[in-house]
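Asker: Read off the chains here:
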Amino acid sequence: MRKTAYAVLGVAVLAVAGIMLYKALNNSLVYFVLPNEYARDPQGFAGRRIRLGGLVEPGTVHFNDKTLMLTFTITDSIKSYPVRYQGAPPDLFKANQGVVVEGTFDKGTFVGDQLLIKHSSDYRPPKPGQPIDVNMLKKTLQ
Amino acid sequence: MLHLQLGTLGMASLFLAVALALYATIVGALGASRRDARLQTSARLAALATFLVVATAVAVMEAALITNDFSVQYVAANSRIASPLWVKIATLWAALEGSILLWGFLLTAYTALLAFTAPLSPLRPWALAILSGVQVFFLGVAAFIVNPFHTLANPPLDGPGPNALLQNHWMMAVHPVLMYLGFVGLTVPFAYAMAALITRRPGSEWMVQTRRWALTGWGFLGAAIVAGGWWSYDVLGWGGYWAWDPVENVSFMPWLTATAFIHGVQVQERRRMLKSWNVMLIALTFCLSILGTFLTRSGVISSVHAFASGPVGPAFLAFFVLVTLFAFGLIALRWDQVRDRAELDAVVSREGGFLTANILFLAIAFAVLLGTLFPLLVEAVSGQRVTVGPPFFDQVTLPLWMLVFLLMGIGPLLPWRKAEGASLKRNLLWLAGGFVVAGGLALALGMREIYPTLTVALAGYNLVSLGLLLGQVLVPRLRLSTRGAWSVLWGYAHESRRRVGSMIAHLAIVIIALGIAFSSGYRVDQQVRIDFGKSAAFQGYTLTPVDRFMDRSASRISSGAVVDVSKGGRQVATLRPRINIFGSSQEPVSKPAVMTTFSHDLYLNLDNTIGPTTSYVVLRMVYSPLVSWIWFGGLLFAFGVLMSLMPARRQLAERRLELAGEASGEEHAQA
Chain A
2 MRKTAYAVLG VAVLAVAGIM LYKALNNSLV YFVLPNEYAR DPQGFAGRRI RLGGLVEPGT
62 VHFNDKTLML TFTITDSIKS YPVRYQGAPP DLFKANQGVV VEGTFDKGTF VGDQLLIKHS
122 SDYRPPKPGQ PIDVNMLKKT LQ
Chain B
70 MLHLQLGTLG MASLFLAVAL ALYATIVGAL GASRRDARLQ TSARLAALAT FLVVATAVAV
130 MEAALITNDF SVQYVAANSR IASPLWVKIA TLWAALEGSI LLWGFLLTAY TALLAFTAPL
190 SPLRPWALAI LSGVQVFFLG VAAFIVNPFH TLANPPLDGP GPNALLQNHW MMAVHPVLMY
250 LGFVGLTVPF AYAMAALITR RPGSEWMVQT RRWALTGWGF LGAAIVAGGW WSYDVLGWGG
310 YWAWDPVENV SFMPWLTATA FIHGVQVQER RRMLKSWNVM LIALTFCLSI LGTFLTRSGV
370 ISSVHAFASG PVGPAFLAFF VLVTLFAFGL IALRWDQVRD RAELDAVVSR EGGFLTANIL
430 FLAIAFAVLL GTLFPLLVEA VSGQRVTVGP PFFDQVTLPL WMLVFLLMGI GPLLPWRKAE
490 GASLKRNLLW LAGGFVVAGG LALALGMREI YPTLTVALAG YNLVSLGLLL GQVLVPRLRL
550 STRGAWSVLW GYAHESRRRV GSMIAHLAIV IIALGIAFSS GYRVDQQVRI DFGKSAAFQG
610 YTLTPVDRFM DRSASRISSG AVVDVSKGGR QVATLRPRIN IFGSSQEPVS KPAVMTTFSH
670 DLYLNLDNTI GPTTSYVVLR MVYSPLVSWI WFGGLLFAFG VLMSLMPARR QLAERRLELA
730 GEASGEEHAQ A
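Taken in sequence, the protein lines are chains A and B.
Mind the numbering: the first sequence is residues 2 to 143 in the working numbering, read in order.
Mind the numbering: the second sequence is residues 70 to 740 in the working numbering, read in order.
Treat the hints as calculated values from the structure; they're not laboratory data.
There could be a bad hint or two in this list.
Capping the alpha-carbon separation at 30 angstroms, the derived lysine-lysine pairs in BS3-like fashion look like this [unchecked claim]:
(1) A:K119 with A:K95
(2) B:K494 with A:K95
(3) A:K140 with A:K108
(4) B:K603 with B:K636
(5) B:K487 with A:K67
(6) A:K24 with A:K108
(7) A:K4 with B:K660
(8) B:K660 with B:K603
(9) A:K67 with A:K24
(10) A:K119 with B:K487
(11) A:K67 with A:K95
(12) A:K67 with B:K660
(13) A:K108 with A:K119
(14) A:K4 with A:K80
(15) A:K95 with A:K140
(16) A:K119 with A:K67
(17) A:K95 with A:K108
(18) A:K139 with A:K95
(19) A:K4 with B:K636
(20) A:K108 with A:K67
(21) B:K603 with A:K67
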């Protein structure tokens, strides 16, 4: 009798723990995507936090040093999105730099709250006029 | 000519060390299984020789680093002429190759110490053989996979120096060493546990003989985790100290299982229960420390601050599989002997409390493991790269921590075997009083967030518990004694250092928990732009950047802002947040400036580069309440562990008697 009670209690605790774990995991998963991958399925990422990786498109960087608002366009050469980031650009932020921005999409603009500079000795930004190797880019950024 | 000699000497030492460790393992195991004293002595001498040879290799590497011998590849890749001496010395553990060498070195030092100081027991030969076996792995990796002694034919004139984030703070010289001392210290009880299984002596002998090693390793690991948090806080510029990053998680998991082990040991010592449980916990701790090294050093999991990754992944994975199969296979083989015969008399008892706490520690460790490994799982199944964010870890572990906190207060007050109704009720009433008073105070002061408020209430509850514990032992003593209260307390602290040590450690945990609750629950974080000469208000302070500065030393260039901090019209501090550049090939890193007070920290990080014509600063201002309590709590925790490491004479004698009693008891059981 007592053993059955303990067993039932144990299973109940495990079930609750399992559900809690699943919900918590599901809510905290942050996908890493390139702009072209997001473009394929914007609905699938609606309202989700994602880490958007890509290169800073030359000529698009604008920093308002009064309001500390940084805007630029992130690109993987296939698809580009405007990015808005509240804060000063990190020291190594420059055109053609690999970056990963964490945040959410808001009406076609990516609103980031974290901006990471990714640098790697393997990856060289392409010379003007040459295509970007998307797979290589993804590997470098993640 | 000298160049060549250093690299070659180091290389030769490492290869010789591998051979010696292999000899100590094989001859040690043979000597242990044949009970041959000559072979055992030979293995012990080999363990000493291994230590001396690895010490030579470490000395050679330090000599190469200090004398800027860039013909040694590791020096060329990680050191720099202009670095100060302490950075050069610490560069030994600034990259993967050197870290593995240091790990191997500490392991050989512990083994040699054990070989010549551990009491002669039937367990010692096997334990030494197992430790030597672990040495073979680490030294083998150091010699064959990431050998730091390769000689460069065309040495460069100077090197890039170690990672800038590491040069930026002296903690870099301390934190990794504490971590390895922790991991290596916990290897000793693991080796003794395995020896106990091999020799079919599954009693408490192995635990009693390694109690100090286990406590030392656990204490070092705990101190290392707090030290790492402090480093992260003081260097990374985001004003936090813990991000649930894989590198942090993998050091935290073995600490959690070791914590469960340290507590489980008490039950086995007193009640001869949890035998199999304790063996599994120490095996798990060791396996997790290897798994952690694999995860963070192989690049399978991306981490924000994995400073040293490299080609050791497959070796560590293979070793992890090997030790897991060995340890748990051995436990399965000896299951009949380690299985508990005694049954729990009542759940509401000291041992019941310990067991429940252990389950909670394991549950937390499991949740952390799940969150750390889940990205691998998702990638294997769907090919998508994901990260598990901090919300997961917070949501899952916080409720469990609250339960741990609840048990920490009531557990030590429960008697062994079975709690009596009357005294239990009285104690619970007191504890509930502490909970309600502290919680009510928190609510009255305007706290509303659930976890910080609950933490305050439970802190009050735990303080009452510590008071009751002290009262239980001090009140009768005070009645009998003619001396004053302080002198009685002092006397008690001397007499039962283990009890008092554990109380201090628990008090430290209360302090750390309050620090974490407030600094994460009530942190204010704001980025602002201020023109030089103008002011900005933040959390009651007025911040005025009054000047720019630039410092230049041989090893670094710093530029930053001089910020006057005033409160109520009175200047309270001058902070100098800066950006450092170490050498031409390094990227700039910011070094925050922190003003610490008892109740909060004011933390300023410079977010823009200050040049001669810059007219404004961009500051990240962080107001972090009680954050320094965490660092103080870490120190107090280390002190508590240290205290319980020094048993009083009387206890030592008692334990010897106990041990003798148990040994004879077991013989009876077998007969």
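Asker: Each hint needs a verdict: does it hold in this structure or not?
Answerer: Here is what the structure says about each hint:
1. Taken as a hint, the A:K119 and A:K95 pair is honoured in the structure, with Cα atoms around 11 angstroms apart against an allowance of 30 angstroms.
2. Restraint check: the Cα-Cα separation between B:K494 and A:K95 comes to about 67 angstroms, which exceeds 30 angstroms; the hinted pair is violated.
3. Proximity of A:K140 to A:K108 is assessed by CA-CA distance (about 28 angstroms); at most 30 angstroms being required, the pair is judged to hold.
4. Note on B:K603 and B:K636: the hinted pairing holds, with a Cα-Cα distance of about 15 angstroms set against a maximum of 30 angstroms.
5. For the hint linking B:K487 to A:K67, the alpha-carbon distance of about 68 angstroms lies beyond 30 angstroms, and the restraint is violated.
6. Proximity of A:K24 to A:K108 is assessed by CA-CA distance (about 27 angstroms); at most 30 angstroms being required, the pair is judged to hold.
7. For a cut-off of 30 angstroms, the pair hint linking A:K4 to B:K660 is broken: about 59 angstroms separates their Cα positions.
8. At most 30 angstroms may separate the alpha-carbon atoms for a hinted pair to count; B:K660 and B:K603 meet this at roughly 23 angstroms.
9. For the hint pairing A:K67 with A:K24, the CA-to-CA distance comes to about 41 angstroms; that exceeds 30 angstroms, so the pair is violated.
10. Distance restraint check for A:K119 and B:K487: the Cα-Cα separation of roughly 59 angstroms exceeds the 30 angstroms cut-off, and the hinted pair is therefore not satisfied.
11. Between A:K67 and A:K95 the alpha-carbon distance is near 20 angstroms, which keeps this suggested pair within the 30 angstroms criterion.
12. For the hint linking A:K67 to B:K660, the alpha-carbon distance of about 24 angstroms falls within 30 angstroms, and the restraint holds.
13. Simply put, A:K108 and A:K119 have alpha-carbon atoms about 26 angstroms apart, close enough for the 30 angstroms limit, and the pair holds.
14. The straight-line distance between the Cα atoms of A:K4 and A:K80 is roughly 61 angstroms, outside the 30 angstroms bound, and the hint therefore fails.
15. Taken as a hint, the A:K95 and A:K140 pair is honoured in the structure, with Cα atoms around 20 angstroms apart against an allowance of 30 angstroms.
16. A distance of roughly 27 angstroms separates the Cα atoms of A:K119 and A:K67; the hinted pair therefore holds under the 30 angstroms criterion.
17. For the suggested pair A:K95 and A:K108, the alpha carbons sit about 25 angstroms apart, so the restraint of at most 30 angstroms is met.
18. Restraint check: the Cα-Cα separation between A:K139 and A:K95 comes to about 19 angstroms, which is no more than 30 angstroms; the hinted pair holds.
19. Between A:K4 and B:K636, the direct Cα distance comes to roughly 64 angstroms. Violation of the 30 angstroms bound is thereby established for this hinted pair.
20. Under the criterion of a C-alpha separation no larger than 30 angstroms, the hint pairing A:K108 with A:K67 is consistent with the structure, at around 25 angstroms.
21. At most 30 angstroms may separate the alpha-carbon atoms for a hinted pair to count; B:K603 and A:K67 meet this at roughly 14 angstroms.
Violated hints for the displayed structure, listed by number in ascending order: 2, 5, 7, 9, 10, 14, 19.
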